[in-house]
Amino acid sequence: MKRLTWSLTTPTLCLALACLSACSTVEPWERGNLARPEMAVEPHPAQRALRDHVYGSREAAAAGASAAGGGCGCY
Amino acid sequence: MLVRQVVRHRPLSGRLFLTSATAAERPAVGQPAPACELAGLGNGTAVNTAQFKGKVVYVDFWASWCIPCAKSFPVLNQIHRDLRERGLQIVGVNVDEHSADADGFLQKHPADFTVGADAKGICPKAFGVVAMPSGYLIDRQGVIRHIHYGFREGEIDTLRADLEHLLGETPQVSAAFEPHLH
Numbered sequence: 001m002k003r004l005t006w007s008l009t010t011p012t013l014c015l016a017l018a019c020l021s022a023c024s025t026v027e028p029w030e031r032g033n034l035a036r037p038e039m040a041v042e043p044h045p046a047q048r049a050l051r052d053h054v055y056g057s058r059e060a061a062a063a064g065a066s067a068a069g070g071g072c073g074c075y
Numbered sequence: 001m002l003v004r005q006v007v008r009h010r011p012l013s014g015r016l017f018l019t020s021a022t023a024a025e026r027p028a029v030g031q032p033a034p035a036c037e038l039a040g041l042g043n044g045t046a047v048n049t050a051q052f053k054g055k056v057v058y059v060d061f062w063a064s065w066c067i068p069c070a071k072s073f074p075v076l077n078q079i080h081r082d083l084r085e086r087g088l089q090i091v092g093v094n095v096d097e098h099s100a101d102a103d104g105f106l107q108k109h110p111a112d113f114t115v116g117a118d119a120k121g122i123c124p125k126a127f128g129v130v131a132m133p134s135g136y137l138i139d140r141q142g143v144i145r146h147i148h149y150g151f152r153e154g155e156i157d158t159l160r161a162d163l164e165h166l167l168g169e170t171p172q173v174s175a176a177f178e179p180h181l182h
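Protein sequence lines, in the order shown, are assigned to chains A and B.
Start counting the first sequence at 1; every next residue gets the next number (my numbering).
Start counting the second sequence at 1; every next residue gets the next number (my numbering).
Quick caveat, the hints were computed from the structure, so don't treat them as lab data.
These figures come from a predicted structure and were not determined experimentally.
Here a beta-carbon is modelled for each residue, glycine too, at the ideal position from N, C-alpha and C.
All the given hints hold, so there is nothing to weed out.
Example chain A residues on the side facing chain B (calculated, C-beta under 10 Å, incomplete):
| no. | residue |
| --- | --- |
| 1 | W29 |
| 2 | R31 |
| 3 | L34 |
The whole structure should be built from the sequences, with the hints applied where relevant.
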């Protein structure tokens, strides 16, 4: 069983390391695509915040929800 | 949320880790400003950031997707109107990949000052831009004297004061020039 785990772990780890090489830095002036509305984690932050508020009131409980848009990372 | 945090803190990581413009390559305050060629935008002609030597130059990096940049344009227009007679030259460097985006932005937020485009990102790389927008104050000798990161309404007076200070300096012979560091 232990050998089986290792035989699975090693290729997975190698694959994960190989994928890391695809990481690249996005310079501050290259964020045009990241700043597009469809790239936002939450496309409608105001609507989401309102729904969370209503949900919290109805359920009498609120989780640690947050509603924020994406963005250009501007200063 | 995580993505947002990572993106927001990228300017700091840019100072810590090796990027295309490392800390050693990036011109610091007190060093000569790089010269870069900019293509014309709209009806404008091509421009070089180094062609205004003898004037105080404010190089402003902006993009159509940058919301603080949009807020800064009316302020820069006002500063341009107030100080151009005294020898101020504002150069807006657009870094959009598609010039149509920049043209659309300029229709909504017209610029009275000189603007040019660098779609390939050579100019921001040469200046080592770490934030959008970024403004470089270059004195009459072509030396970077201040760098303004971002745009906040509370910093307008400081920017104007810095520019007026540089405009008030008398041009010196470069051999006798000693960089005045802040």
